[in-house]
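**Student:** Using the hints, position chain B against chain A.
2 protein chains.
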Amino acid sequence: MKNLIKSALLLVAVSMFMMGCGNNGNKTQEKAGALGSNAAEKVYVAPGEHDEFYAFLSGGYSGNVTVYGLPSGRMLKEIPVFSQFPTSGYGYSEETKPMLNTSHGFIPWDDSHHPDISQTNGELDGRFIFINGNNTPRIAKIDLSVFETTEIIEIPNSAGNHSSSFVTENTEYVVAGTRFSVPVPQVDMPINEYKGKFKGALSFISVDPEHGHMDLKFQIIMPGFNYDLSHPGRGNSHGWFFFSTYNTEEASTLLEVNASQNDKDFIAAINWKKIEEYVNNGGGKKMPANYAHNVYDESTHNATSTMKKEVLVVDPTEVPGAVYLLPTPKSPHGCDVSPDGEYIIGSGKLSADLTVHSFTNMLKAIEDKKFDGEAYGIPIMNYDDVVAGVVKSGGLGPLHTEFDAKGNAYTTFFISSEVVKWKLGTWEVIDRKPTYYSVGHLMVPGGNSRKPFGKYLIAMNKITKDRYLPTGPELEHSVQLYDISGEKMELLSDFPSHGEPHYAAGCPADLLKPKSKKFYKMEENKHPYAIKAPQDAKVVREGSNVHIYMSTIRSHFTPDNIEGIKVGDNVYFHITNHEQDFDVPHGFAMIGANTSEILVMPGQTKTITWQPKQVGVWPFYCTDFCSALHQEMQGYIRVSPQNSDIKLSWSLDGE
Amino acid sequence: MKNLIKSALLLVAVSMFMMGCGNNGNKTQEKAGALGSNAAEKVYVAPGEHDEFYAFLSGGYSGNVTVYGLPSGRMLKEIPVFSQFPTSGYGYSEETKPMLNTSHGFIPWDDSHHPDISQTNGELDGRFIFINGNNTPRIAKIDLSVFETTEIIEIPNSAGNHSSSFVTENTEYVVAGTRFSVPVPQVDMPINEYKGKFKGALSFISVDPEHGHMDLKFQIIMPGFNYDLSHPGRGNSHGWFFFSTYNTEEASTLLEVNASQNDKDFIAAINWKKIEEYVNNGGGKKMPANYAHNVYDESTHNATSTMKKEVLVVDPTEVPGAVYLLPTPKSPHGCDVSPDGEYIIGSGKLSADLTVHSFTNMLKAIEDKKFDGEAYGIPIMNYDDVVAGVVKSGGLGPLHTEFDAKGNAYTTFFISSEVVKWKLGTWEVIDRKPTYYSVGHLMVPGGNSRKPFGKYLIAMNKITKDRYLPTGPELEHSVQLYDISGEKMELLSDFPSHGEPHYAAGCPADLLKPKSKKFYKMEENKHPYAIKAPQDAKVVREGSNVHIYMSTIRSHFTPDNIEGIKVGDNVYFHITNHEQDFDVPHGFAMIGANTSEILVMPGQTKTITWQPKQVGVWPFYCTDFCSALHQEMQGYIRVSPQNSDIKLSWSLDGE
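First to last, the sequence lines map onto chains A and B.
Positions 3 to 657 (the numbering used here) are the ones given, in order, by the first sequence.
Positions 3 to 657 (the numbering used here) are the ones given, in order, by the second sequence.
Please note that a few of the clues may not be correct.
Note that the list lumps identical chains together, so a pair holds whenever it fits in one copy or between two copies.
Said to hold, decoys possible - Below, a list of computed lysine-lysine pairs in the DSSO-like style, where the Cα atoms sit at most 30 Å apart:
(1) K490 <-> K44
(2) K197 <-> K288
(3) K534 <-> K467
(4) K44 <-> K467
(5) K99 <-> K615
(6) K615 <-> K287
(7) K457 <-> K44
(8) K197 <-> K649
(9) K99 <-> K467
(10) K520 <-> K540
(11) K199 <-> K540
(12) K197 <-> K615
(13) K457 <-> K467
(14) K332 <-> K366
(15) K311 <-> K615
(16) K467 <-> K520
(17) K467 <-> K515
(18) K519 <-> K467
(19) K199 <-> K276
Hints were generated in silico from the structure; no laboratory data involved.
Next up, chain A with everything else stripped away, as it sits in the complex (with noise of 0.2 Å):
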């Protein structure tokens, strides 16, 4: 009870510091951060040059990934992923409704987290960037050749899928921890009885190394902790992952309070690489589950959902020597690993201090033996033989850190809102400036990987109040651009995000740029509905489903007029975009439709329903302005009443 009056007394403590942060800009501090026309020039992208860098920012709550120019911070898209978006027709189209199937059924929404760009050698390679569903726990992984999501994995036994998706140094798994221990399998059992009973799942799922598809591999079940974030090792430590844990008090209420008890929590270090070779010889034990596997096939420009009944799970205690815990200070949040792959940050978000442990002392107390305990069975390590330094920078709320190429690291701190830059080994500060306000992840290009490029750093901040023009109560996130080329960092810009940014990824953007495709081949079209020329126009009932395979090119629709449908009919618009040229979509809408639009790429074919309600002449058209006579792309359909017997017809040019 004293504990929880102390702790108590500390929350309001942070809680008041924490409002000061948010509502004392400091302009004087600030304008000398960005002195006129110097940062002007440096974020100044002239019209019709590009960036240098692509950024890839978790949307949040929107649960898309938005992507950005740097330097200039303009956004370049809003690529949909676990989210209904009415702009592209996704996630309402009948060929990307089954992306969002899950165990639930249908959902139109999650929370996105943290995107991470596929890695060769430890290095971006550019392929794929993956990222989180945390709400209903998926792993999403976006093409960044069509920079469209193209495969979405559900993941059992898990909730709150936080500390995901981050892959491994050759993209051999992508990572993803359970925020949530729940009963592993789902009992109805009393919430109080949590301690000992809920546990928490860390999935492994592989990659092809050919087409990319996505695996559930296996699952550890790990103790009923909540697991924060994670990192690859790298380098040396490749083959090994690490986990923050928060909650090792295992509370079940009122958890701001009754989580924030323990000195220490864990980061859990996991030799990937021995329970690999474990299941692989037939270890681990196969568990009924339900998930769903969703994959858009490029080819067919279809998603197919098909639910999986099986995961292989795995007792971490039967794998003597891949599961190890080190104590960390307290309730660790960002949980990051150097450039070469020695130094794991742990970041306790109600510390002061950084810990930084070493792996290669870990490995060597691993091999001495030496441990302080164990905790449901894995062995607990001794902080002092694990821990390689401590960085004491007097900020207050440490977060997450990212790295550059020289051997400096950059740390947000949420309670004082800074970035601090700090010296790897040395763990001397170097630089501090300030954020507004309340600063979460901070990402450098590359600065996840063995090779980052440290030209800039954006910082994600949680609480924006007065830094643009108010647009009443919501506010979007603000994010600011600094450059970290020289000893001291220098702030650029602000600029607002688009959802709420939790993490991002970001390459140069030769990485991307030459390979980005501009259309998709006609010829190379798969759709089952798809049309190869507009004069393959054709409009057949199949009992009260009708299907129109139609044409859109600059600018008319083949066929313009359709009569012959009825009330009550199914009405199957299967549009083709016969243009094989670069920018040139097509949009289609028709009134009444209780889904969207949909937008339509050269090449592509696309399917949207409509189901008459009424009898009259009702008009469709292009959404997207697509020539001078785009006003002049229209249609109607002539809607009879249900025992019409108006015949099936079609008309192009009054034929």
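**Tutor:** This is chain B only, laid out in the frame that chain A set:
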């Protein structure tokens, strides 16, 4: 037939021209327009400083409105209007679902085109911004104190609600015109009997001067042309409204050829004051109809949808002197009125020249009864009697015109990809600057009012191609910012838009800044499921419906654990955010919910539903990073079998 072939050939020539423009970005020319640091400094808004202007861009096929700051080009917010918006739960939450109700049922999307800010005495007053839904005809109203959509009214007898939503000088009316003519009332009839039988409705929606509520006052049932755009008279011409028309051929198939036959189409001049007087004196005919009127109540935080069953229609031939047709070459698109109200500019999109009509000339010719026949009983003016001048710029494909306060006009040319500045009255061309590529609308803040703020101009370009780093086949559209304070226009910057911006409205920052609401006062919250304080939290079962009255405050839910929920229940989470400070939202997400999360602003209450499908213990959490202990803001729901006798109970802090 000969005409058709001629037109087809013209079309090919035009198309080639268009494509040429899209591909030949002349980099030398463009760099000269944005000279290094000068332009960089002009668009740079230092960290923490505010932009000078708000710009509200329609989202086109996104269905929403986006808010930008000028000159920085930073997107400050996306306001959901006609589309479901997973980011905030708009269109998913119980409170906001009625906003998307229509006579066709729930529609999750529309195509939003023309925002217009409310006016008083012809000047922007910053109370509301209106925007049209094109596809399923509707007008929406956004309250600019909260930047939220608060009202949507459906438009019956309309189809492709394009020549909308523009306001009269004192916001007496917001006006909506049908793009597609249809049978009025709807009837099952052959499409090729269109001519003479289809009609075009122009709708005048009154706006209550006190609380802003909209009501469909009357519809004018016009000939079966396509009505493209419209603008209000102002000053001397206050009381009139002008609509451009195309397809006066009344073609119903392959319009790109068949609606391009007539040398001149019309601008329809509507004396709405005369019609208002007519209907106020009992004129017009009440006609059965079915259209939705959706209102969001800011005190209950709830929207209601009411189906209206009647509309007042006016036959223009029964109100002599109310409607005239002004011949305008050819297929006019834009229809813009000078700040003093004297000039009506018709941009024939297949013409090289701009046609400027004079309001004074028109009145004179009407007085003199000089007409050139009639169309369906509506007098046609003599072109030579009404024209004030012709702007011969040499550009191709003129679309839209805006104005500055110095007597200059700025017109976009889609085909020749440029903005041309010219002088009102002398019609001389003063300057021209290329756009990249194929510009549609342009916007000068206040440029559609008596008081333009002629410092910046934005061009909204329809084709993007190589302007930014590539993002696969799908690109955002491109906006270009020009400084128009000098004699010559200066291109300052490019930035991508979000969705397809058709038109925009802008105003000085100071018009909106002082009155922007920061949070909702708890004592004003009249939501039926709100609780006044965390201690009022409760869970109430009503049959299989369970209502959870939940509180959020940093950083916990009250209650945070709930037991006694059963498979098959319908669980309502009514979340009240008890924070009372700016920018402290909380979010709420429930695993497996078949809706989105909700983002709840301070003092607000929002509701989502969840249908538990499987027994177990299932988590929820806060989706907005609200404090240093945000990760601890979570809870569990215990789900028992349908026949379970577990009592409903809830806990906080281990109670």
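**Student:** Evaluate each hint against the coordinates.
**Tutor:** Tested hints:
1. Taking CA atoms no more than 30 Å apart as the test, K490 paired with K44 passes in both settings, with 16 Å inside one copy and 26 Å between copies.
2. Taking the closest pair of Cα atoms, K197 and K288 come within 30 Å of each other only inside a single copy of the chain (25 Å); across copies the shortest separation is 70 Å, beyond that limit.
3. For the identical chains of this complex, K534 and K467 are inter-copy neighbours only, at 25 Å across copies versus 54 Å inside a copy, given an alpha-carbon limit of 30 Å.
4. Taking the shortest alpha-carbon separations for K44 and K467, both the intra-copy value of 26 Å and the inter-copy value of 25 Å come in at or below 30 Å.
5. With identical chains, the CA atoms of K99 and K615 are at most 30 Å apart both within one copy (23 Å) and between copies (21 Å).
6. Taking the shortest alpha-carbon separations for K615 and K287, only the inter-copy value of 26 Å comes in at or below 30 Å, while the best intra-copy value is 53 Å.
7. When the C-alpha separation of K457 and K44 is checked against a cutoff of 30 Å, the pair qualifies both within a copy, at 12 Å, and between copies, at 25 Å.
8. For the homomeric pair K197 and K649, the shortest alpha-carbon distance between copies (22 Å) is at most 30 Å, but the shortest distance inside one copy (69 Å) is not.
9. Taking identical chains as interchangeable, the C-alpha atoms of K99 and K467 lie at most 30 Å apart only when they sit on different chains, with a minimum of 29 Å there against 37 Å within one chain.
10. For the homomeric pair K520 and K540, the shortest alpha-carbon distance inside one copy (28 Å) is at most 30 Å, but the shortest distance between copies (55 Å) is not.
11. Proximity of K199 to K540 under the C-alpha cut-off of 30 Å is restricted to the inter-copy arrangement: shortest distance 28 Å between copies versus 60 Å within a copy.
12. In this assembly of identical chains, K197 and K615 lie within 30 Å of each other by CA distance solely across copies; the values are 25 Å between and 56 Å within a copy.
13. Proximity of K457 and K467 under a CA criterion of 30 Å is satisfied in both settings, with 28 Å inside one chain copy and 28 Å between copies.
14. With identical chains, the CA atoms of K332 and K366 are at most 30 Å apart within one copy only, with a shortest distance of 24 Å there and 83 Å across copies.
15. With identical chains, the CA atoms of K311 and K615 are at most 30 Å apart between copies only, with a shortest distance of 17 Å across copies and 40 Å within one.
16. Taking identical chains as interchangeable, the C-alpha atoms of K467 and K520 lie at most 30 Å apart only when they sit on different chains, with a minimum of 9 Å there against 40 Å within one chain.
17. In the homo-oligomer, the alpha carbons of K467 and K515 lie at most 30 Å apart only across protomers (13 Å), although the nearest pairing inside one protomer, at 36 Å, exceeds that limit.
18. Taking CA atoms no more than 30 Å apart as the test, K519 paired with K467 passes between copies only; the shortest distance there is 12 Å, against 39 Å inside one copy.
19. Taking the shortest alpha-carbon separations for K199 and K276, only the intra-copy value of 26 Å comes in at or below 30 Å, while the best inter-copy value is 78 Å.
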